[in-house]
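Participant: Okay, here's what each chain looks like letter by letter:
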Amino acid sequence: MMSPAAVLKRAAPVLACIGLLAIWQAAALVLKNDSFPTAIEAIRAIPDILGDKESLINILASLRRMAMGFGAAVLFSIPLGLLMGRSRAVAAFFNPLLMVIYPVPKAALMPIIMLWLGVGDVTKTLVIFLGVSLPVIYHSFEGAKAVEQKMLWSGAAMGLSPLQRLVRIVLPAALPEILTGCRTGLVLALITMITSEMIARQSGAGNILFNALDMGQYDTVFAMIIIVGAMGICLDAIFERIRARLVRWSEPQFDMPLSFS
Amino acid sequence: MNVVPSRSSEWVRPVTSHKPASAIIEIESVSQVFQTSARKDHLALSDISLTIDEGAFVSILGPSGCGKSTLLYIVGGFVSPTSGAAKIKGQAITGPGPDRGPVFQEFALFPWKTVLGNVMYGPRQQGVRASEAEAQSRSLIEMVGLKGYESFYPKELSGGMKQRVALARTLAYHPEVLLMDEPFGALDAHTRTRLQNDLLNIWERDRKTVLFVTHSVDEAVFLSDKVVMMSKSPGRIRQIIDIDLPRPRRRNELLLDPRYQKYVVDIERMFDESDGAGGPS
Ligand SMILES: Nc1ncnc2c1ncn2[C@@H]1O[C@H](COP(=O)(O)OP(=O)(O)O)[C@@H](O)[C@H]1O
Ligand SMILES: [Mg+2]
Numbered sequence: 000m001m002s003p004a005a006v007l008k009r010a011a012p013v014l015a016c017i018g019l020l021a022i023w024q025a026a027a028l029v030l031k032n033d034s035f036p037t038a039i040e041a042i043r044a045i046p047d048i049l050g051d052k053e054s055l056i057n058i059l060a061s062l063r064r065m066a067m068g069f070g071a072a073v074l075f076s077i078p079l080g081l082l083m084g085r086s087r088a089v090a091a092f093f094n095p096l097l098m099v100i101y102p103v104p105k106a107a108l109m110p111i112i113m114l115w116l117g118v119g120d121v122t123k124t125l126v127i128f129l130g131v132s133l134p135v136i137y138h139s140f141e142g143a144k145a146v147e148q149k150m151l152w153s154g155a156a157m158g159l160s161p162l163q164r165l166v167r168i169v170l171p172a173a174l175p176e177i178l179t180g181c182r183t184g185l186v187l188a189l190i191t192m193i194t195s196e197m198i199a200r201q202s203g204a205g206n207i208l209f210n211a212l213d214m215g216q217y218d219t220v221f222a223m224i225i226i227v228g229a230m231g232i233c234l235d236a237i238f239e240r241i242r243a244r245l246v247r248w249s250e251p252q253f254d255m256p257l258s259f260s
Numbered sequence: 000m001n002v003v004p005s006r007s008s009e010w011v012r013p014v015t016s017h018k019p020a021s022a023i024i025e026i027e028s029v030s031q032v033f034q035t036s037a038r039k040d041h042l043a044l045s046d047i048s049l050t051i052d053e054g055a056f057v058s059i060l061g062p063s064g065c066g067k068s069t070l071l072y073i074v075g076g077f078v079s080p081t082s083g084a085a086k087i088k089g090q091a092i093t094g095p096g097p098d099r100g101p102v103f104q105e106f107a108l109f110p111w112k113t114v115l116g117n118v119m120y121g122p123r124q125q126g127v128r129a130s131e132a133e134a135q136s137r138s139l140i141e142m143v144g145l146k147g148y149e150s151f152y153p154k155e156l157s158g159g160m161k162q163r164v165a166l167a168r169t170l171a172y173h174p175e176v177l178l179m180d181e182p183f184g185a186l187d188a189h190t191r192t193r194l195q196n197d198l199l200n201i202w203e204r205d206r207k208t209v210l211f212v213t214h215s216v217d218e219a220v221f222l223s224d225k226v227v228m229m230s231k232s233p234g235r236i237r238q239i240i241d242i243d244l245p246r247p248r249r250r251n252e253l254l255l256d257p258r259y260q261k262y263v264v265d266i267e268r269m270f271d272e273s274d275g276a277g278g279p280s
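From first to last, the protein sequence lines are chains A and B. Residue numbering for the first sequence follows numbering that gives the first Met the number 0, starting at 0 and increasing by one per position. Residue numbering for the second sequence follows numbering that gives the first Met the number 0, starting at 0 and increasing by one per position.
Take the hints with a grain of salt, since some may be wrong.
[Stated by the list, open to error] Straight-line distance between alpha carbons at most 25 Å, and here's what the computed DSS-like set of lysine-lysine pairs gives:
1) B:112 - A:144
2) B:207 - B:225
3) B:154 - B:112
4) B:231 - B:39
5) B:88 - B:207
6) B:88 - A:144
7) B:112 - A:149
8) B:225 - B:88
9) B:261 - B:225
10) B:207 - A:149
11) B:261 - A:149
12) B:112 - B:88
13) A:149 - B:154
14) B:207 - B:86
15) B:261 - B:231
16) B:86 - B:231
17) B:225 - B:86
18) B:207 - B:146
[Unchecked claim] If you want the ones that stay clear, here's a sample from chain A, every Cβ over 10 Å from chain B, calculated:
19) 1
20) 2
21) 25
22) 32
23) 39
24) 88
25) 93
26) 102
27) 150
28) 152
29) 158
30) 174
31) 200
32) 248
[What the hints assert, rightly or not] Pulled a few chain A residues facing chain B out of the computed Cβ check, cut under 7 Å:
33) 145
34) 149
35) 153
36) 156
37) 175
38) 239
39) 241
These aren't lab readings, by the way, just hints derived from the structure by calculation. Glycine is no exception: its CB is placed at the ideal position from the N, C-alpha and C atoms.
One chain only, chain A, in its complex shape (with noise of 0.2 Å):
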């Protein structure tokens, strides 16, 4: 039962998929270069990849220092965030360093953290843990900012104390604007992910893909490049559907059934 319209809407990213592996197609059929494979010879490296235990090992090594990094931002910076939009003093103690912090690239970072805490996960976790904080403190921070006084006074008045507040009120209410931070964030742990790994090669998605490039294995290569890309495509996906069901509440509402004064 679904219009023309809705079922373009659907297909729409798978289009722009195959319009864009046509594109590469075609680029590389023109210009016949030994490292650009066509699309069809990466893809077909996809599975080559996918069935050897040691890529996947190293795939699954960088999904869970991902999810490490991300899941530990998340909770540092999400407390760190609300309590600097609701106090001055915890703000104008952060606010400098974090704004010195904000626009270091943190793979620029790696070198020394390698040479305190080795090439390991922890160097690389801490990584991506850095690139996670910044915008999802920068988030929860506008929007613990954005509460309004008098939901805070409500809640007062009932009974609430101030931590009660923070979790109770604070909390919930920022919580669009700080998913946001968040997506901005699992998009950042990707990259600092496989960033980090091309700087201390080890292990991982990222080593899997600087070692093929060294071998001159193009089409390995642009097959890891589809692999990496589908998996931010997919963990994006999944986090606006969460995204999405948390705060249904708040998102705008177009057709308003009501006529009750």
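Let chain A serve as the given structure and place chain B with the ligands on it in line with the hints.
Facilitator: Positioned in the frame of chain A, the structure of chain B with the ligands alone reads:
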């Protein structure tokens, strides 16, 4: 405001200094200074003293910026006065509490909660069992005329409906005093009169103490037992007028009542005079 002593305990209690209408809120020489810039202080309230009797419907009436909201916030415990004190039942007010329930012009509903969730919030916080809180809340929602809308989110409601929910949410935790800050100020005229009528009906059932801020003379006279007229810069009490009109009040009867009309005209004239005389001197 003749408050009828209703509790049977009134009978047994030895008659001492108990007055028929006892003060529930006492505001004693309250002043409020806001620092508007580094150098300038703004005296928003100057030496306000006011006593509000239990069960009375008292309006605070005055032009915009005369400090009505500030006074209400001080009673609510949301703002502490620069000097002076406010008391409830003889106890100094040091912060917000469930004995004083605010209703704001901006509704301030919890948008992530449904109508039922909003109304249940206070009782749940107070430790009332979920099933009991829900039953009470459902009947309150019905009382404010929103039966059938229990599972709606605030964004799905009109302004008038939101304010009905806000009123139910506050009534749900049984505050002794309702603090209403221009609650109908954001509503269109038609909705406003409907809500005024409904508020009076609800109030006439249980006669909670109400402190009601408004800048509408009609609204103040229609609703109140007592109108506290304020003047601006600095915010002061100009005059307190007892509104001696019979209850229950019906809008269509009252608008034709010469006594009502006289109150409105008299109060409006007093404000006009102060505007004329109170210019820059
Ligand atoms: N937090 C504040 N900081 C500085 N000035 C304030 C603050 N709150 C109120 N004021 C000032 O105090 C005066 C009284 O405000 P308010 O109580 O809101 O008046 P009303 O409710 O009668 O319109 C106004 O001049 C307003 O600008
Ligand atoms: Mg006001």
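Participant: Decide, hint by hint, whether the structure agrees.
Facilitator: Each hint, compared with the structure:
no.	hint	in the structure
1	B:112 - A:144	holds (20 Å)
2	B:207 - B:225	holds (14 Å)
3	B:154 - B:112	holds (10 Å)
4	B:231 - B:39	holds (17 Å)
5	B:88 - B:207	holds (14 Å)
6	B:88 - A:144	violated (35 Å)
7	B:112 - A:149	holds (16 Å)
8	B:225 - B:88	holds (19 Å)
9	B:261 - B:225	holds (15 Å)
10	B:207 - A:149	holds (22 Å)
11	B:261 - A:149	violated (36 Å)
12	B:112 - B:88	violated (33 Å)
13	A:149 - B:154	holds (17 Å)
14	B:207 - B:86	holds (17 Å)
15	B:261 - B:231	holds (24 Å)
16	B:86 - B:231	holds (24 Å)
17	B:225 - B:86	holds (19 Å)
18	B:207 - B:146	holds (23 Å)
19	1	holds (25 Å)
20	2	holds (25 Å)
21	25	holds (48 Å)
22	32	holds (54 Å)
23	39	holds (49 Å)
24	88	holds (19 Å)
25	93	holds (26 Å)
26	102	holds (32 Å)
27	150	violated (5 Å)
28	152	violated (5 Å)
29	158	violated (5 Å)
30	174	violated (7 Å)
31	200	holds (46 Å)
32	248	violated (5 Å)
33	145	violated (12 Å)
34	149	holds (4 Å)
35	153	holds (5 Å)
36	156	holds (5 Å)
37	175	violated (9 Å)
38	239	violated (19 Å)
39	241	violated (15 Å)
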